[in-house]
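Dock chain one against chain two, each of which comes alone in its own frame, and use the hints as you go.
As you go down the protein sequences, you meet chains A and B in turn. So the first sequence is numbered by my numbering: it starts at 730 and just counts up by one. So the second sequence is numbered by my numbering: it starts at 98 and just counts up by one.
What the hints contain is simulated information worked out from the structure, not anything from laboratory work. This structure is a prediction, so every number in the text was calculated from the model and none was measured. Take these hints with a grain of salt, some might be off.
[To be verified] Derived DSS-like pairs: lysine-lysine, alpha-carbon spacing no greater than 27 angstroms straight-line: (1) LYS207(B) - LYS168(B); (2) LYS134(B) - LYS168(B); (3) LYS119(B) - LYS204(B); (4) LYS134(B) - LYS207(B); (5) LYS211(B) - LYS168(B); (6) LYS746(A) - LYS786(A); (7) LYS740(A) - LYS207(B); (8) LYS740(A) - LYS134(B); (9) LYS139(B) - LYS786(A); (10) LYS740(A) - LYS204(B); (11) LYS165(B) - LYS139(B); (12) LYS119(B) - LYS207(B); (13) LYS154(B) - LYS165(B); (14) LYS786(A) - LYS204(B); (15) LYS786(A) - LYS134(B); (16) LYS119(B) - LYS168(B); (17) LYS155(B) - LYS165(B); (18) LYS207(B) - LYS155(B); (19) LYS139(B) - LYS740(A).
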Amino acid sequence: GAGVSQSPSNKVTEKGKDVELRCDPISGHTALYWYRQSLGQGLEFLIYFQGNSAPDKSGLPSDRFSAERTGGSVSTLTIQRTQQEDSAVYLCASRRNAGFSYNEQFFGPGTRLTVL
Amino acid sequence: GENVEQHPSTLSVQEGDSAVIKCTYSDSASNYFPWYKQELGKGPQLIIDIRSNVGEKKDQRIAVTLNKTAKHFSLHITETQPEDSAVYFCAGILNYGGSQGNLIFGKGTKLSVKP
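The following block holds chain B by itself, in its conformation from the complex (with noise of 0.2 angstroms):
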């Protein structure tokens, strides 16, 4: 089955740097990765996400990028704002015909932006 690692588990960044966060999968066969953003005490919420046939997409200061070949994907969010704090994860699935099971997701990225 699906695996999806994530690193790192702690980022720290200044207020208007980037921040990368990268994940990789095991199944080749995986095509749809999204991307969820989770606040605190409350449940994560999608951001961005990405299908096989492409390999980048943005969304104002977040984008994802994916290597099929090397079976990774990273979300890249420029110009940090300390409501950019929270924690991220990412997650892989094989999607199949409109039939899909569950998300296989990372073990999460907690981003601390200071001011």
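Next up, chain A with everything else stripped away, as it sits in the complex (with noise of 0.2 angstroms):
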């Protein structure tokens, strides 16, 4: 079946604009997250959504940072007032959440920020 998918696969954005970012989870799956990859780092957790729970925003890093997630399937994370460290890959990834097991992350391709 079909991945998790994000768009724009790339932005270029001047400071200070506002950008919003799209997920589209494997259908089905109850568990969203947003993660962020500054060039040659680890992934940043930024934050976690569970079906009708309230989300775990802990990894936001500003107050410039926000996310929604509609009908509990599509996510747009939503960064306004853009800085140039803002640049980076930003992730989403999407899991199953059943039973007692802990089930895999499926990550998107991502996309790829940049603040001219």
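See below:
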């Protein structure tokens, strides 16, 4: 079946502008994650949605970052007033939450954000 | 909270040799440790994982070992091939009763396999 998709694949914006990044998780996956990957760095957790529960926002670096998940499916990560240090690859992952076993996180290809 | 350290940051081997990547974690309660492979321009993909109730797991040329006492786990790739060249990430998490939070990732190891 279809995997996790993200759009756009690349985004170039000017400092101070707002951007929206979209994630379409695998159908039926109730858990959705956003990560940030800076050049040569590991994956930095940003936010986690699980079903209808309140999201875990503990990884968001500032109040310029926010995310929504509508209808338990598609998610949008919004960065307001972008700064050059926001330049990174933003990765989305989804996971099927069932039973008591930890299930694999499936990652999308990411959105490469460049802030000029 | 959990902290995962990964070494080395880069690793270069000859085709056919073995490669070993090591990770340590800080939270003794963590009980699930996946390894992800990330090829250029793609998202990470799970290659193998291990739970804290086992010490070793193998899948063809890939194996992972876990030492709970020392709080470290390692990825072993035997008979390396050029297509193994990628960035590898280890991660850890506390898995409790089906309700999990976010994985904590190491900073990655760039593996280069020379023909």
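query: Regarding the pair LYS155(B) and LYS165(B), is the alpha-carbon distance no greater than 27 angstroms?
result: At roughly 18 angstroms apart (the allowed maximum being 27 angstroms), LYS165(B) and LYS155(B) satisfy the hint.
query: Between LYS119(B) and LYS204(B), does the CA-CA distance stay at or below 27 angstroms?
result: 12 angstroms, holds
message: Given the hinted pair LYS139(B) and LYS740(A), is their Cα-Cα distance within 27 angstroms?
response: Holds: LYS139(B) and LYS740(A) sit about 16 angstroms apart, inside 27 angstroms.
message: Checking one constraint from the list: CA of LYS134(B) to CA of LYS207(B), max 27 angstroms. Satisfied?
response: 10 angstroms, holds
Restraint check for LYS119(B) with LYS168(B), where alpha carbons must lie at most 27 angstroms apart: 11 angstroms, holds
- request: Quickly compare the C-alpha distance for LYS740(A) and LYS134(B) to 27 angstroms and report which way the hint goes.
  value: 24 angstroms, holds
- request: Verify the proposed pairing of LYS786(A) with LYS204(B), using a straight-line Cα cut of 27 angstroms.
  value: It holds: about 21 angstroms lies between the C-alpha atoms, which stays within 27 angstroms.
task: Could you grab the alpha-carbon distance between LYS154(B) and LYS165(B) and see if it respects the 27 angstroms cut-off?
output: 14 angstroms, holds
message: Given the hinted pair LYS746(A) and LYS786(A), is their Cα-Cα distance within 27 angstroms?
response: 22 angstroms, holds
query: Given the hinted pair LYS740(A) and LYS207(B), is their alpha-carbon gap at most 27 angstroms?
result: 26 angstroms, holds
Given hint LYS204(B) paired with LYS740(A) - CA-CA distance at most 27 angstroms: The given pair, whose Cα atoms are some 24 angstroms apart, holds under the 27 angstroms limit.
query: Within 27 angstroms, alpha carbon to alpha carbon, are LYS207(B) and LYS155(B)?
result: 21 angstroms, holds
This entry does not satisfy hints 5 and 11, going by the numbered hints stated previously.
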